[in-house]
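Listed below are the residues making up each chain.
There are 2 protein chains.
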Amino acid sequence: MKKILVAGLGLIGGSLAMALRGFEDFEVVGAVRSQATFEKARAMGAADRLTFDPAAELPGADVVILCQDPAGIIAFLEEHRDRFKPGCLVWDVCGVKTAVMEAANRLPRGVDFIGCHPMAGKEVSGIANAEPGLFRNTHFIVTPGPEATAEHLDLLRRMADWCKFGDVIETTPERHDEMIAYTSQLMHIIAVSVCDNDELFSCQGFEGGSFRDCTRVAALDPAMWTQLFTLNAPALTKMAAALEARIHQYRTAIENNDREALRAMLAHASDRKKRINLERARGDDVRPSF
Amino acid sequence: MKKILVAGLGLIGGSLAMALRGFEDFEVVGAVRSQATFEKARAMGAADRLTFDPAAELPGADVVILCQDPAGIIAFLEEHRDRFKPGCLVWDVCGVKTAVMEAANRLPRGVDFIGCHPMAGKEVSGIANAEPGLFRNTHFIVTPGPEATAEHLDLLRRMADWCKFGDVIETTPERHDEMIAYTSQLMHIIAVSVCDNDELFSCQGFEGGSFRDCTRVAALDPAMWTQLFTLNAPALTKMAAALEARIHQYRTAIENNDREALRAMLAHASDRKKRINLERARGDDVRPSF
Numbered sequence: 003m004k005k006i007l008v009a010g011l012g013l014i015g016g017s018l019a020m021a022l023r024g025f026e027d028f029e030v031v032g033a034v035r036s037q038a039t040f041e042k043a044r045a046m047g048a049a050d051r052l053t054f055d056p057a058a059e060l061p062g063a064d065v066v067i068l069c070q071d072p073a074g075i076i077a078f079l080e081e082h083r084d085r086f087k088p089g090c091l092v093w094d095v096c097g098v099k100t101a102v103m104e105a106a107n108r109l110p111r112g113v114d115f116i117g118c119h120p121m122a123g124k125e126v127s128g129i130a131n132a133e134p135g136l137f138r139n140t141h142f143i144v145t146p147g148p149e150a151t152a153e154h155l156d157l158l159r160r161m162a163d164w165c166k167f168g169d170v171i172e173t174t175p176e177r178h179d180e181m182i183a184y185t186s187q188l189m190h191i192i193a194v195s196v197c198d199n200d201e202l203f204s205c206q207g208f209e210g211g212s213f214r215d216c217t218r219v220a221a222l223d224p225a226m227w228t229q230l231f232t233l234n235a236p237a238l239t240k241m242a243a244a245l246e247a248r249i250h251q252y253r254t255a256i257e258n259n260d261r262e263a264l265r266a267m268l269a270h271a272s273d274r275k276k277r278i279n280l281e282r283a284r285g286d287d288v289r290p291s292f
Numbered sequence: 003m004k005k006i007l008v009a010g011l012g013l014i015g016g017s018l019a020m021a022l023r024g025f026e027d028f029e030v031v032g033a034v035r036s037q038a039t040f041e042k043a044r045a046m047g048a049a050d051r052l053t054f055d056p057a058a059e060l061p062g063a064d065v066v067i068l069c070q071d072p073a074g075i076i077a078f079l080e081e082h083r084d085r086f087k088p089g090c091l092v093w094d095v096c097g098v099k100t101a102v103m104e105a106a107n108r109l110p111r112g113v114d115f116i117g118c119h120p121m122a123g124k125e126v127s128g129i130a131n132a133e134p135g136l137f138r139n140t141h142f143i144v145t146p147g148p149e150a151t152a153e154h155l156d157l158l159r160r161m162a163d164w165c166k167f168g169d170v171i172e173t174t175p176e177r178h179d180e181m182i183a184y185t186s187q188l189m190h191i192i193a194v195s196v197c198d199n200d201e202l203f204s205c206q207g208f209e210g211g212s213f214r215d216c217t218r219v220a221a222l223d224p225a226m227w228t229q230l231f232t233l234n235a236p237a238l239t240k241m242a243a244a245l246e247a248r249i250h251q252y253r254t255a256i257e258n259n260d261r262e263a264l265r266a267m268l269a270h271a272s273d274r275k276k277r278i279n280l281e282r283a284r285g286d287d288v289r290p291s292f
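Chains A and B supply the protein sequences, listed in that same order.
Note that the first sequence covers residues 3 to 292 in the numbering used here.
Note that the second sequence covers residues 3 to 292 in the numbering used here.
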């Protein structure tokens, strides 16, 4: 029997371990650090087996999945670089990829690291919130290094399929980080910025779907998102500056009561949104499901 | 049999007419302007009866509900001011209240106008998208004038109950407009501003739930939102300026790699979001359902 080692059983790691149970002829071993996570993971049946000692498992692990926070992933790669099994596949789940791929460059030859980002999540963290269906119909982004083997990429796709991801997107670490700055990190900056308004606690009764949707992700983990934001500072600050400038343009048009300009700006954005909705609807039809 | 006249059968008016059918001993009459809306409303059974001539219906209408766009509501009040039945209840569905209440001040004495805002909607408009369940568990905001009768307020609450609104919130037009600038209008400014980014069409495959949620309302009706924004300019521009400033603070902390400041800001906002989630959960238990 082959072995998958999932290092770190939080929301993502716990969900992945559960989702991967029964995959081909692999045993799923979960590595935890706290007694509380151990107890909870055992009660939930989160893995075939649990351990406090990843170092002892690494030499026999055919697949290693790193599910700690960004600093934890980078530290694990450094601490255990010489314990990985030659020929094994290592992948991670970090929301930034350039910094992680740089750390993985220091692994020995023959250890195949493929950067991954399962675009799934919740506003709550920890094993208690993990569930095997978390990845259903979400994107699984993959940033293979130049030496990634076709065999490992195929294995990764089979795992993604088993976990019910909606699709697998291959790209470069740099492109991933630019796109994620826009589609994910900026949405979190917006959500926390909206929640910093004095009226947050007095607006009850006036909130509709758009307010709930926009602020949903504000209940984030401050330590983890501090890491994610600062590890992707150039791309994210560029996106934030563009957003500030555009909100400022809308504000100016409203202040000046310039209805023609405002209407033209709104029509432009609304058309773009409708076009992307249509493109995505078409894309869904033809997208390979793996 | 008494009569409710619903003037304007778009998304909101059409949904209200459908939801109100069967309410007590009222006939629901829908006033439309285009042949296309007439045909669609008839096919959907949107009202007990349809008309192209609201002027002929007004003298016999006990309740009049104005469901046009903001300029249409204000124009209707001016055009028909002397046709309303003495003692009738008139209410509207406009997303700004101060400007509408001012226009309603010119109605004859004995016509009881109560400003309303059903906080329901969709990203698509028109009778074709109307549905009687649109208001289920949403807020129904009411801004009564100083001369609103208790009898009419009670009638309004019974209608809200019949339409399955989650609650009825009474407030002033000024307070409504401040709160809506924050909870609704600002969310629409954010959504269109995000969609104006060059990467909108290249980010497919990288978008998660937060991006879909935040941009959902960008496919808005430019003419209507131009009216809503400019009719509420002072409150909205204040909210937009505060948001710009806060995003700028996050950007500066990230640019400076000031992790301590960033972490403190994120912890502050995240705590606020968690507190408001808890307060809302408690509030739901005690809120009268009407």
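Hints in this document: simulated from the structure, not taken from any laboratory.
Treat the hints with caution; some may be incorrect.
Note that identical chains are pooled: a pair holds if it fits in a single copy or bridges any two copies.
Said to hold, decoys possible - Okay, derived cross-link-like pairs now, SDA-like style, lysine to any residue, Cα gap no bigger than 20 Å in a straight line:
1) K124 to P224
2) K276 to M226
3) K124 to N279
4) K87 to S127
5) K87 to A150
6) K87 to G62
7) K124 to G211
Within a copy, between copies, both or neither: where do K87 and S127 come within 20 Å Cα-Cα?
neither (30 Å within a copy, 59 Å between copies)
Could you figure out if K87 and A150 sit no more than 20 Å apart (CA to CA) within one copy, between two copies, both or neither?
within (16 Å within a copy, 78 Å between copies)
With identical chains treated as interchangeable, where does the CA-CA distance between K124 and N279 reach 20 Å or less: within a copy, between copies, both, or neither?
The answer is between: 14 Å across copies meets 20 Å, while 23 Å in one copy does not.
Intra- versus inter-copy proximity for M226 and K276 (alpha-carbon distance at most 20 Å):
between (34 Å within a copy, 17 Å between copies)
How would you classify K124 and P224 at a CA-CA limit of 20 Å: within, between, both, or neither?
within (14 Å within a copy, 33 Å between copies)
20 Å Cα cut-off: does K87 pair with G62 within a copy, between copies, both or neither?
within (6 Å within a copy, 85 Å between copies)
For K124 and G211, with the copy left unspecified, which applies at a CA distance of at most 20 Å: within, between, both, or neither?
both (18 Å within a copy, 9 Å between copies)
In this structure, only the earlier hint numbered 4 is contradicted, and the remaining ones agree with it.
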